[in-house]
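The task is simple: from the sequences and hints, build the whole structure.
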Amino acid sequence: MSLSRIWKVLRKDLALGPRSPIFLWAIVLPVALTVILQVAFGSLFDPEPRLGIVDEGDSAITAGVEDMEGIELTMLDDEAELKRQVEANDLDAGLILPEGFDEAVKGGEKPVLQFFIGGESYASNRIILTVTTLDLVRELEGSEAPVMVDIVDFGEAGLPISIRLIPVIVFYALVIAGLFVPGSNIVEEKEQGTLTAILVTPVKSAEVLAAKWLFGVILASVMGVASLAMNGAMGSNWAEVVLVVVIAAMLSAMLGVVVGVFAKDSAMMFGIVKGAGIFLFAPAVFYIFPDWPQWIAKLFPLYWIIEPIWQVSVMGESVTTVWSELAVALGITAALGVLAWWLAKRMQAQMAGQ
Amino acid sequence: MTEVTTGSGAAIQVEGLRYSYGDLEAVKGIDFEVQPGQILGFLGPNGAGKSTTIKMLTGQLTPKAGVARVLGIDVATDNPELQARIGVCFEEKNLYINMSARENLEFFASLYGIKDADAEGVLRRVGLADRAKDRVKTFSKGMRQRMMISRAFINKPDVLFLDEPTDGLDPVTSAAIRRTIREEAERGAAVLLTTHDMFEADELSDRVAFINEGEIVALDSAENLKLKYGTRSVKVRLRDGDGVREEILPLDGDGSSSRLAELAASPDLMTIHTEEATLEQIFIQLTGRGLEG
Numbered sequence: 000m001s002l003s004r005i006w007k008v009l010r011k012d013l014a015l016g017p018r019s020p021i022f023l024w025a026i027v028l029p030v031a032l033t034v035i036l037q038v039a040f041g042s043l044f045d046p047e048p049r050l051g052i053v054d055e056g057d058s059a060i061t062a063g064v065e066d067m068e069g070i071e072l073t074m075l076d077d078e079a080e081l082k083r084q085v086e087a088n089d090l091d092a093g094l095i096l097p098e099g100f101d102e103a104v105k106g107g108e109k110p111v112l113q114f115f116i117g118g119e120s121y122a123s124n125r126i127i128l129t130v131t132t133l134d135l136v137r138e139l140e141g142s143e144a145p146v147m148v149d150i151v152d153f154g155e156a157g158l159p160i161s162i163r164l165i166p167v168i169v170f171y172a173l174v175i176a177g178l179f180v181p182g183s184n185i186v187e188e189k190e191q192g193t194l195t196a197i198l199v200t201p202v203k204s205a206e207v208l209a210a211k212w213l214f215g216v217i218l219a220s221v222m223g224v225a226s227l228a229m230n231g232a233m234g235s236n237w238a239e240v241v242l243v244v245v246i247a248a249m250l251s252a253m254l255g256v257v258v259g260v261f262a263k264d265s266a267m268m269f270g271i272v273k274g275a276g277i278f279l280f281a282p283a284v285f286y287i288f289p290d291w292p293q294w295i296a297k298l299f300p301l302y303w304i305i306e307p308i309w310q311v312s313v314m315g316e317s318v319t320t321v322w323s324e325l326a327v328a329l330g331i332t333a334a335l336g337v338l339a340w341w342l343a344k345r346m347q348a349q350m351a352g353q
Numbered sequence: 000m001t002e003v004t005t006g007s008g009a010a011i012q013v014e015g016l017r018y019s020y021g022d023l024e025a026v027k028g029i030d031f032e033v034q035p036g037q038i039l040g041f042l043g044p045n046g047a048g049k050s051t052t053i054k055m056l057t058g059q060l061t062p063k064a065g066v067a068r069v070l071g072i073d074v075a076t077d078n079p080e081l082q083a084r085i086g087v088c089f090e091e092k093n094l095y096i097n098m099s100a101r102e103n104l105e106f107f108a109s110l111y112g113i114k115d116a117d118a119e120g121v122l123r124r125v126g127l128a129d130r131a132k133d134r135v136k137t138f139s140k141g142m143r144q145r146m147m148i149s150r151a152f153i154n155k156p157d158v159l160f161l162d163e164p165t166d167g168l169d170p171v172t173s174a175a176i177r178r179t180i181r182e183e184a185e186r187g188a189a190v191l192l193t194t195h196d197m198f199e200a201d202e203l204s205d206r207v208a209f210i211n212e213g214e215i216v217a218l219d220s221a222e223n224l225k226l227k228y229g230t231r232s233v234k235v236r237l238r239d240g241d242g243v244r245e246e247i248l249p250l251d252g253d254g255s256s257s258r259l260a261e262l263a264a265s266p267d268l269m270t271i272h273t274e275e276a277t278l279e280q281i282f283i284q285l286t287g288r289g290l291e292g
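Just so you know, the sequences run in chain order F and U. Counting from 0, one number per residue, gives the positions in the first sequence under numbering that gives the first Met the number 0. Counting from 0, one number per residue, gives the positions in the second sequence under numbering that gives the first Met the number 0.
Worth double-checking, as some hints may not be accurate.
[What the hints assert, rightly or not] Calculated lysine-lysine pairs in the DSBU-like style (CA-CA distance at most 30 Å, straight line): (1) U:Lys92 - F:Lys203; (2) U:Lys114 - F:Lys203; (3) U:Lys63 - F:Lys203; (4) U:Lys27 - F:Lys263; (5) U:Lys92 - U:Lys63; (6) F:Lys263 - U:Lys140; (7) F:Lys344 - U:Lys27; (8) F:Lys203 - U:Lys136; (9) U:Lys155 - F:Lys203; (10) U:Lys132 - F:Lys203; (11) U:Lys63 - F:Lys344; (12) F:Lys105 - F:Lys82; (13) U:Lys136 - U:Lys155; (14) F:Lys297 - F:Lys273; (15) U:Lys155 - U:Lys92; (16) U:Lys136 - F:Lys263; (17) U:Lys27 - F:Lys203; (18) F:Lys82 - F:Lys109; (19) U:Lys92 - U:Lys132; (20) U:Lys92 - F:Lys263; (21) U:Lys63 - F:Lys263; (22) F:Lys344 - U:Lys155; (23) U:Lys136 - U:Lys114; (24) U:Lys92 - U:Lys140; (25) F:Lys344 - F:Lys273; (26) U:Lys225 - U:Lys27; (27) F:Lys344 - U:Lys92; (28) U:Lys114 - U:Lys92; (29) F:Lys263 - F:Lys273.
Everything labelled a hint here was simulated from the structure, so no lab data went into it. Since the model is a prediction, treat every value here as computed from it, not as a measurement.
So this is what it looks like as structure tokens:
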């Protein structure tokens with residue numbers, strides 16, 4: 000097998016990719032799915048509360064806001080600019096901390112704190128900013144909260160639906176880019192006869208399939224990582240996330256190669272994918288419905304790629320905790336590789352016999 | 000490497016080659032040779048076994064029996080060295096339609112390990128230089144066929160397999176393609192050309208093989224086939240009142256010379272033409288069927 004010839008076929012596929020509707024679909028679909036699902040269930044378009052502060056005396060309240068996650072802080076120099084931005088809805092709220100404010104609070108003087116609220120701001124953001132400010136002032140004063148708040152969880156315990164949908168989105172990215180793109184690419188080359196033209200050159204069928212597989216691995220890896228990033232699920236150890244996504248892409252792309260080699264034409268290929276759709280996507284559904292018996296998910300081959308992604312990217316686990324799942328995924332990939340090689344011989348004879 | 004030196008020096012050497020699709024025997028033990036610089040025309044109707052023979056010789060199908068060597072290499076050995084030295088023009092227009100003409104040629108040149116391929120020069124030979132940057136999907140049928148030919152030439156092959164290279168094309172495009180094929184043979188390439196066009200076979204081929212139902216029924220130069228199987232004759236046209244009368248006289252028949260002299264002396268004589276059998280007539284004579292079947 001020649002790496003040089005594999006690269007030449009792969010380079011052609013990468014160059015031709017953007018001219019293919021299925022390639023473009025593989026790129027657009029995960030993005031569209033992320034937007035749709037996050038709008039419906041998530042917080043993609045919920046803006047963070049925006050607070051502007053004019054700090055005339057290096058207040059500890061400013062430092063407290065800076066340390067907080069989830070609040071967008073803007074420091075301003077004068078009151079007029081603060082008011083203008085709040086009025087223009089560039090900020091949800093504005094706070095003026097005069098010189099000596101901290102000392103006055105600590106001294107029990109009860110100084111006036113000017114807090115401007117934007118008329119067009121979200122009510123939720125106003126509440127967050129108001130409560131946060133009062134908490135910080137109380138902390139500055141050194142007093143305890145006047146009441147104890149008893150927090151009681153209502154509704155279903157566990158992760159929000161926006162998080163549980165991440166496997167579905169990543170699955171789409173992996174299956175469309177990893178399975179559909181190389182699979183349809185092989186079928187298209189068979190239908191147009193270009194595969195026959197390649198195979199009468201020094202290029203061997205195994206080299207063509209290796210190039211198609213790598214094409215799927217690259218695209219599925221990129222789209223898998225991009226989908227996780229768009230959904231804020233890259234976690235802290237991005238290198239390990241990339242590793243599990245690449246292994247997932249390897250299996251997905253090999254499945255695509257097998258389907259592409261097996262299918263005689265596009266109709267047959269889409270028929271196979273449609274028929275096997277439930278079989279392919281079933282593992283992702285178990286993340287949406289965590290009450291279902293999770294062992295059933297293990298019966299489906301693609302569970303072994305989605306579980307490592309879930310654990311490492313969403314749950315923040317180390318890759319060492321999912322090594323057995325990754326080993327099974329690599330084993331399935333290798334078995335599919337042998338199947339693809341065997342089917343390729345049959346395919347070549349079929350093509351010549353047409 | 001399975002390179003075998005053939006005593007004959009033939010670029011293509013085929014002995015007892017057979018292939019069957021299930022129970023259907025498509026090629027039934029054929030033998031032939033093609034020397035470097037020679038064009039062998041495979042003439043036969045659809046389904047005669049022409050394309051199956053090419054598929055075996057180019058490594059797409061593995062022969063069921065017999066031996067075929069191209070450039071001394073057994074075609075059954077799946078040898079990349081062989082593929083590097085052959086050029087194939089398929090009957091089907093299997094080009095990358097979303098790539099430009101130049102991209103198509105450069106891609107295939109790269110598969111042969113050719114760096115800095117002269118795609119422009121090859122396109123110029125087939126009259127497509129001005130369309131080098133255009134995507135193939137914008138090309139007419141004739142232009143696509145010229146692209147097919149140019150792709151087969153891109154690696155300067157020692158052996159060319161051309162499957163119906165001018166099928167369905169207009170006379171001008173066909174003539175241009177035939178000219179290019181002749182140039183390749185003059186360069187030294189052995190050419191195996193399949194066609195069911197008797198004029199093409201007659202005009203291009205150094206030798207013609209008649210193939211029918213998987214068997215070669217005759218193999219010789221077109222001239223020799225005509226001499227061997229055809230009947231020489233003379234067609235005489237004479238005025239007949241307001242019309243024209245034709246009379247065909249066999250040159251080899253008894254008494255035809257006296258009748259010819261008589262007609263030549265006639266005041267009604269218009270024209271006299273010598274006639275020879277066409278390849279199609281000979282094919283029908285040998286197989287009992289036409290070439291378009």
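Check the structure against each numbered hint from earlier and tell me which ones fail, lowest number first. none
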